[in-house]
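A.B. asks: Sequences are here, hints too, so could you generate the full structure?
Number of protein chains: 2
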Amino acid sequence: MIQLNTDNFNMSTDDHMLPNDADIFDSLNQRLSLIFSNYIKNGQESKDFVLEYLKPEQLIDLISPEPPLQGKGEQGIIADIQNILKYSPNTWNPGFMHKLYSSTSAIGVVGELVATIINGNSHVYVASPVASVIEVLLSKKLGALFGYNESICGGLTCPGGSASNNMALLVARNTYFPYAAEHGFALSYSEKIKFNFKQPVAFTSNQCHYSIEKSMMMLGLGKKNLEYVNCNINGAMDTIDLENRIKNAILQGKRPFFVNATAGTTVLGQFDPILKLSQICQKYDIWLHVDASLGGSLIFSKSETTLNLLNGTAKSNSITFNSHKLLGVPLQCSYLLFRDGLDNVRAQVSSNANYLFHDDQDDINNSLAFSPNDQQTLSNNNFNSSNKKSLLLNQYSAESWDIGNATIGCGRKPDSIKMWLSWRYFGTNGFASRVDNSLNSSSSFATLIKSSPNFILFREPISNLVCFYHIPISQRNDPDLNPILNLTSSHDNSFLNFPDVLATYTKSITALLNKQGKLLVDFASINLFDHDGSLVRIPEFFRIPFNSPFFNIDHLQFIIDQIEIASATIYP
Amino acid sequence: MIQLNTDNFNMSTDDHMLPNDADIFDSLNQRLSLIFSNYIKNGQESKDFVLEYLKPEQLIDLISPEPPLQGKGEQGIIADIQNILKYSPNTWNPGFMHKLYSSTSAIGVVGELVATIINGNSHVYVASPVASVIEVLLSKKLGALFGYNESICGGLTCPGGSASNNMALLVARNTYFPYAAEHGFALSYSEKIKFNFKQPVAFTSNQCHYSIEKSMMMLGLGKKNLEYVNCNINGAMDTIDLENRIKNAILQGKRPFFVNATAGTTVLGQFDPILKLSQICQKYDIWLHVDASLGGSLIFSKSETTLNLLNGTAKSNSITFNSHKLLGVPLQCSYLLFRDGLDNVRAQVSSNANYLFHDDQDDINNSLAFSPNDQQTLSNNNFNSSNKKSLLLNQYSAESWDIGNATIGCGRKPDSIKMWLSWRYFGTNGFASRVDNSLNSSSSFATLIKSSPNFILFREPISNLVCFYHIPISQRNDPDLNPILNLTSSHDNSFLNFPDVLATYTKSITALLNKQGKLLVDFASINLFDHDGSLVRIPEFFRIPFNSPFFNIDHLQFIIDQIEIASATIYP
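So the sequences go chain by chain: Y and U. Just so you know, we're using our numbering here: the first sequence kicks off at 158 and counts up by one. Just so you know, we're using our numbering here: the second sequence kicks off at 158 and counts up by one.
Don't read these hints as lab results, they were simulated from the structure. In this text, all values refer to a predicted model and were calculated from it rather than measured experimentally. There could be a bad hint or two in this list.
Since the list gives no way to pick out one identical chain from another, each pair is judged satisfied if it fits inside one copy or across any two copies.
Simulated pairs of lysine-lysine, DSSO-like, Cα-Cα distance not exceeding 30 Å [what the hints assert, rightly or not]: (1) K351 with K411; (2) K381 with K404; (3) K298 with K243; (4) K298 with K198.
C.D. replies: Here it is as structure tokens:
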């Protein structure tokens with residue numbers, strides 16, 4: 158007879174540890190659903206502030222930093238949730254223009270909710286069959302949009318665009334330097350000879366995202382072995398400079414292996430010339446990665462001009478694409494797509510973790526031999542294998558469905574569920590509208606800037622970012638401003654001589670706007686090359702992204718007005 | 158006059174692109190809340206299958222792989238959601254014992270919902286003030302639980318335990334090899350002299366998680382420079398072997414810099430002797446990392462014996478702790494804690510991304526000078542700065558609140574919101590009950606196994622994992638089984654002579670159980686050292702984690718019964 162002390166299983170109800178989560182969920186849902194829906198509504202209608210800014214010391218007061226010994230139960234966390242909502246930026250408000258994302262959509266919220274309710278984990282098929290299938294198929298569909306061959310390409314989600322870029326560099330590194338996984342790069346003299354060692358060198362433009370440099374640092378390649386290629390005056394990579402640098406590196410006995418093309422730079426929203434870069438990369442046998450974290454969404458646009466910005470992606474080896482930016486899928490949902498599929502990715506990064514990646518699928522299928530009749534009763538799904546599907550399935554080996562072994566991690570969020578439900582709800586046409594409306598908003602706003610006397614458009618917008626300066630009326634007599642006072646609103650891109658005092662205006666106005674909280678905006682400075690090839694630091698300008706799909710002319714005018722008002726307050 | 162074509166802003170309502178997400182959220186919530194709550198209820202009451210297993214080709218039929226041109230709207234995605242729920246494992250069912258996590262709680266679901274509704278991004282303070290403050294404070298509280306000095310320690314969340322381990326290794330690498338970030342490891346002869354290069358070597362036990370090896374690979378250190386330390390027969394690291402290996406490495410001119418202690422191995426749930434390891438690490442100036450992904454939750458236990466397993470964490474340099482495992486916070490919520498705070502982390506990994514990390518806070522504070530009276534109207538919060546709080550705040554420099562610059566990423570999910578709300582709801586006592594109930598379940602189940610004639614307990618459970626074999630009655634005459642038929646239920650740990658045929662039983666029964674879907678279990682094999690120091694491969698056994706806090710004696714008996722029934726079906 159088994160002797161178990163069943164008292165062990167009696168828990169205090171004070172600890173809220175009974176299996177009644179359905180009731181708690183219902184109760185919380187009832188109490189919170191109106192709070193949530195009002196939050197969304199007041200955000201989208203700009204009734205609430207974008208942000209009621211509190212300083213850290215004020216927030217520490219609010220959130221009671223000491224975790225309680227006894228649980229606070231429902232009432233306790235509802236108060237916490239209200240504080241979180243109240244003192245975080247309301248991203249549903251179109252005035253949230255601080256970062257390169259906006260709110261998600263109701264569908265995005267529900268998608269994350271579903272992923273959380275199943276507590277999905279798409280590392281092995283058996284733990285997340287549906288999410289795994291969605292991720293494999295969706296990556297292929299996305300690859301096809303970018304011009305890859307759908308039957309060959311593949312992809313997966315990573316926890317953010319930086320992680321995707323990092324993973325792309327890792328796969329390229331291990332592909333070009335096959336000894337690296339086992340031996341690393343700290344080679345002895347004899348190992349260098351044996352492996353025919355050449356110094357790995359990577360290239361990116363000086364406008365790229367900082368994750369490229371961090372990835373070089375992380376992967377043991379060293380920041381100094383990332384060469385920053387000059388940009389043209391428009392902020393796109395100078396292909397002549399790139400090729401010269403590649404040739405030089407080869408002359409020095411180095412091995413150029415990776416070029417990062419930025420499709421949508423963080424400040425100007427500029428696109429490197431991907432097609433030209435692919436030709437150079439092909440010529441020198443270099444991995445071409447496209448960091449389309451920001452600009453990848455433009456692949457949904459119906460405008461030919463816009464699509465041309467991404468021309469050449471089909472020839473790249475890999476693409477990073479963040480659906481959590483312009484498409485409004487909840488943070489995080491970043492795709493890393495590979496032209497040649499995931500087989501090489503697995504070969505480069507997989508590890509022999511047989512406690513996890515034993516082939517469940519085969520084991521389960523094999524088990525059918527033991528009780529063949531069970532299959533009918535278990536699945537009522539009328540599955541008829543057609544030739545078309547067989548073709549599709551032949552593209553995958555059994556292990557293709559365990560996505561985790563193509564990553565450097567273990568458990569992973571099934572982010573594709575959110576993207577999938579969004580795509581199903583909005584359709585390709587809905588994504589197109591969303592993207593094109595953002596682009597319309599930014600170009601309309603640029604037009605508005607040009608027609609407003611106290612504003613100077615820095616550049617015509619390329620994607621959904623608008624960069625501009627404001628000059629307070631009371632400051633127009635400042636002699637420092639002379640060089641730009643007569644600048645026409647559609648000045649030549651080659652004009653880079655912006656006085657530093659503009660940065661002061663930008664920063665002080667931004668700070669006041671953000672403190673007031675009706676509009677949350679950000680600024681940036683960049684370094685550009687002038688026609689002589691000298692690097693010029695451009696003082697801080699307003700950099701406003703148009704991420705929300707819901708802008709109208711009133712919103713655009715509101716931005717202008719708010720800047721004018723803040724300007725008059727600070728510079729009366 | 159501004160000339161804008163406002164038609165640009167008219168979008169087709171067919172594209173579901175109007176700012177009415179509150180209505181859509183309400184409508185979806187109304188249609189889904191009962192579906193969700195029934196799903197939770199039927200799971201927890203084991204009314205639904207854990208998994209209705211479909212093969213990939215069957216799922217492809219269900220999910221319509223071609224994304225639609227026109228959106229499917231609400232009705233479309235509700236059908237999708239029902240498929241996701243139906244054909245994913247129901248982790249709320251206590252019979253989901255396949256992986257090292259179970260369902261989340263209702264509070265976890267709501268926590269993720271809040272994080273998604275704000276579309277929170279805790280990379281810079283201004284984008285997520287509340288989440289940033291919570292993350293900074295909570296990491297300190299967790300560090301204090303593990304014995305760190307709360308006023309000094311710090312931490313942050315990473316996207317999973319592997320990412321946390323990876324980051325710990327990166328910070329250690331850059332700390333011990335300060336040239337690595339800039340130069341990488343592919344050094345020339347003269348650089349090696351200049352930097353006084355010594356080959357970096359890291360150590361971990363052969364029972365560790367595979368992410369340690371993957372991290373060595375990823376960081377350019379090379380898998381071969383990870384030395385696998387022998388374990389004692391109990392599966393914990395052999396400290397004598399470790400010290401010998403360290404000495405040997407030093408004799409060879411190498412630089413041992415990192416020891417990974419596993420606190421809760423993936424198969425046996427064993428703990429390396431952290432305190433002893435810390436003494437060795439101190440002696441040789443080595444970074445001690447504790448991978449407590451699995452076992453870190455035990456810090457909440459009220460049992461002295463259990464807490465002793467984690468003895469020594471206070472002396473470690475860093476700790477990985479996954480609250481998404483035993484504590485039921487939704488995937489993902491992994492903490493990486495640093496004894497000495499985040500300053501060194503920032504120094505080792507931060508990058509100069511001034512488009513993102515300009516000091517908003519100072520800018521905002523400075524702007525108060527322009528309109529000092531605004532402060533009253535903006536914030537109705539009665540903030541009185543006290544001495545106590547000033548002391549707390551003095552621990553942080555302004556940049557401490559921008560967490561992103563202490564990571565290798567950019568945008569990041571504010572995972573701490575989920576952990577915070579869970580802790581607030583359940584309290585420290587609730588977490589203690591949860592953990593101790595899991596431990597009680599596993600020890601009770603081990604007792605049950607020992608009293609069941611057709612089962613052999615492989616080892617007494619150390620944490621919440623139980624490893625055991627089953628012998629089908631009809632197979633007892635197999636001569637291969639002779640060595641173990643008379644094995645007492647509490648056999649000596651030194652017995653390692655398990656016949657291979659046991660693996661066949663384990664795998665076939667597991668496969669049938671998983672196909673039937675009332676119970677989802679997994680198996681594992683490991684390599685252990687016998688007393689002679691020879692490595693013995695232990696054939697696959699059942700490895701069942703007790704993650705759910707809701708087990709009762711019926712659940713435990715159900716597992717035994719299901720295995721017996723499957724066994725009788727396969728081996729009649």
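A.B. asks: My question is about K351 and K411: at a cut-off of 30 Å on alpha-carbon distance, are they close within one copy, between copies, both, or neither?
C.D. replies: Close inside one copy (16 Å) and across copies (21 Å); limit 30 Å.
A.B. asks: If the cutoff is 30 Å on CA atoms, where do K381 and K404 land: within, between, both or neither? Let me know, please.
C.D. replies: within (17 Å within a copy, 33 Å between copies)
A.B. asks: Evaluate K298 and K198 at a C-alpha cut-off of 30 Å and name the case that applies: within, between, both or neither.
C.D. replies: neither (33 Å within a copy, 36 Å between copies)
A.B. asks: Within, between, both or neither: how does the pair K298, K243 come out at a Cα-Cα threshold of 30 Å?
C.D. replies: For K298 and K243, the Cα distance is within 30 Å only across copies (24 Å; inside one copy 39 Å).
Of the numbered hints stated above, the single one contradicted by the structure is hint 4.
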